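Assemble the whole structure, with the sequences as input and the hints as a guide.
Protein chains in written order, with numbering that gives the first Met the number 0: chain F, 0 to 145; chain C, 0 to 145; chain B, 0 to 115; chain H, 0 to 115.
The hints are simulated quantities; they were obtained by calculation from the structure and are not laboratory data.
This structure is a prediction, so every number in the text was calculated from the model and none was measured.
Be aware that one or more of the hints could be misleading.
[Claimed, not checked] A short, non-exhaustive set of chain C residues, derived as facing chain F with CB atoms under 8 Å: (1) 4; (2) 5; (3) 8; (4) 14; (5) 25; (6) 29; (7) 33; (8) 119; (9) 123; (10) 132.
Beta carbons: idealized from backbone N, C-alpha and C, even for Gly.
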Amino acid sequence: MQNNHMELKFSARSQNESFARVTVAAFVSQLDPTVEELTEIKTVVSEAVTNAIIHGYEEQEGQVYIECSIIDGNIELIIEDQGRGIENVDEAREPLYTSKPEMERSGMGFTIMENFMDEIEIVSRTGVGTRVRMVKFLKNHSLAKH
Amino acid sequence: MQNNHMELKFSARSQNESFARVTVAAFVSQLDPTVEELTEIKTVVSEAVTNAIIHGYEEQEGQVYIECSIIDGNIELIIEDQGRGIENVDEAREPLYTSKPEMERSGMGFTIMENFMDEIEIVSRTGVGTRVRMVKFLKNHSLAKH
Amino acid sequence: MSLQIETAVSGDTLIVRLSGELDHHTAELVRERVEGELDRNRTPHLIMNFEGLGFMDSSGLGVILGRYKRVTAGGGRMALCSVNDQLLKLFEMSGMLKIIRIFGTESMALSETGVA
Amino acid sequence: MSLQIETAVSGDTLIVRLSGELDHHTAELVRERVEGELDRNRTPHLIMNFEGLGFMDSSGLGVILGRYKRVTAGGGRMALCSVNDQLLKLFEMSGMLKIIRIFGTESMALSETGVA
Ligand SMILES: Nc1ncnc2c1ncn2[C@@H]1O[C@H](COP(=O)(O)OP(=O)(O)O)[C@@H](O)[C@H]1O
Ligand SMILES: Nc1ncnc2c1ncn2[C@@H]1O[C@H](COP(=O)(O)OP(=O)(O)O)[C@@H](O)[C@H]1O
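Shown next, in the form of structure tokens:
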């Protein structure tokens, strides 16, 4: 399996959440992930993209950026916005913490990303934006051959 | 139906041809196109992306760029490469013309794009790259409501 | 739309069956529809059936917890059923399994909420 | 891989059944496999069955025309069958309908190529 790379940019609109999931899943499926791995990847894409739309841009105009790389059969995923940023990343990562309880947010987004991925790195600056970088090691990656 | 926009960039590798088709189809399906319209869009994406990979980059390293916009319920599609470019665009557009008959190319790519889309514009400069811009008017676009 | 919502009433219980994909884009639909049905039918109890659900993320957790709060605030009971492995993992992570009961089928869930 | 190729021999005819997606990425597989089978079986005639094919673009036209040239150069006949509307449009646009015959089913195609 050779390395491979894609970048996606789209309007920060809720109907693009499913589009983002489908696109990353289509790219990643060349590695023959298990159904479980694919569902986990779709879920973390959904979490990070939803955060960019709701929290980053507060449902105003904006662009969401996704980068996905296949490196030695593993997946690196970067999801980025140029929105308002996170003041306290440690607090944001706490399970059940949400700044928008009135919107029925569960505060589980980052916890799910941490659970479903092998590495996560959050870089955020208020007024500049947020960048979430995640890595997932696939179980059968040494078997993948195309 | 609000306007919507996405941009995609990926490695010029043949396994990304199907990825490009799936991604554009997923984005465009928010307009509820007919099966026929969706197949036509997938086909022109495949033609232009394949051309970028085979002719633009001659199967060497490179990046393919896709832009897709939904404007008033219609589709604008731009597929671009920074490859070798086309010397004579008029000749290239002729049905059955191919510069790579030894690769069993049919020379039908541009003819298919012209037939399946409502507008096509090809801008190319040798040594700089090629940009194909196409527009498709969807039949039921006035009915689309999401 | 990528989410379908079907509702039914059995005795004192509103049953909500979801199929398709439940994310932030579609969660609002669920919230409005379930609130509307609870208001209209005046049923104290609620069952959510996830049999047809192909995808859910934390926006789904939020909408379920929101309904749980309303139902229990009114003295009702809430149960979930037909939950696949992916959903179960999300429920577990969020601690929801400690407060909302999950059943294999709708009728098993009904035998729980149905008893006044 | 997103393309499956199945082959069979009936009398003097090689039958190739394609399913999945035929594009530039998968066309090479078809070319190699069909060339290999024609060499091995020494059948003069060729039928290509597209019943299971979900997608094809002009790279598919190229690989079909390439096989047509080989088969007719050796004095054989070639036929296509189970072609859906999308494929038919591509065959029509390229002028292929004027040189290669298309049949509804494999057995109808065989009754054409099968007669020596
Ligand atoms: N892209 C982002 N831009 C700004 N703030 C964010 C972003 N992502 C997350 N946050 C902040 O981190 C908090 C926790 O996020 P998360 O765990 O996904 O829960 P939730 O989205 O349910 O609130 C959010 O409530 C928000 O305050
Ligand atoms: N992106 C491109 N970069 C360079 N040359 C191109 C590109 N696209 C098309 N061409 C030229 O135009 C010709 C006709 O293209 P097309 O109609 O798609 O037929 P085919 O791909 O089968 O050759 C090609 O053979 C090639 O010479």
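Okay, the hints, checked on the actual structure:
1. 4: Constraint on residue 4 of chain C satisfied, holds at 5 Å.
2. 5: Where the cut-off is 8 Å and the nearest Cβ of chain F is about 4 Å from residue 5 of chain C, the hint holds.
3. 8: With Cβ-Cβ at 4 Å, under 8 Å, it holds.
4. 14: holds, 6 Å
5. 25: At 4 Å from the nearest chain F Cβ, residue 25 of chain C passes the 8 Å test, so the hint holds.
6. 29: For residue 29 of chain C, the interface hint holds, since the closest Cβ of chain F sits about 6 Å away, which is under 8 Å.
7. 33: violated, 19 Å
8. 119: violated, 24 Å
9. 123: Violated: closest Cβ of chain F sits about 23 Å from residue 123 of chain C, beyond 8 Å.
10. 132: For residue 132 of chain C, the interface hint is violated, since the closest Cβ of chain F sits about 18 Å away, which is over 8 Å.
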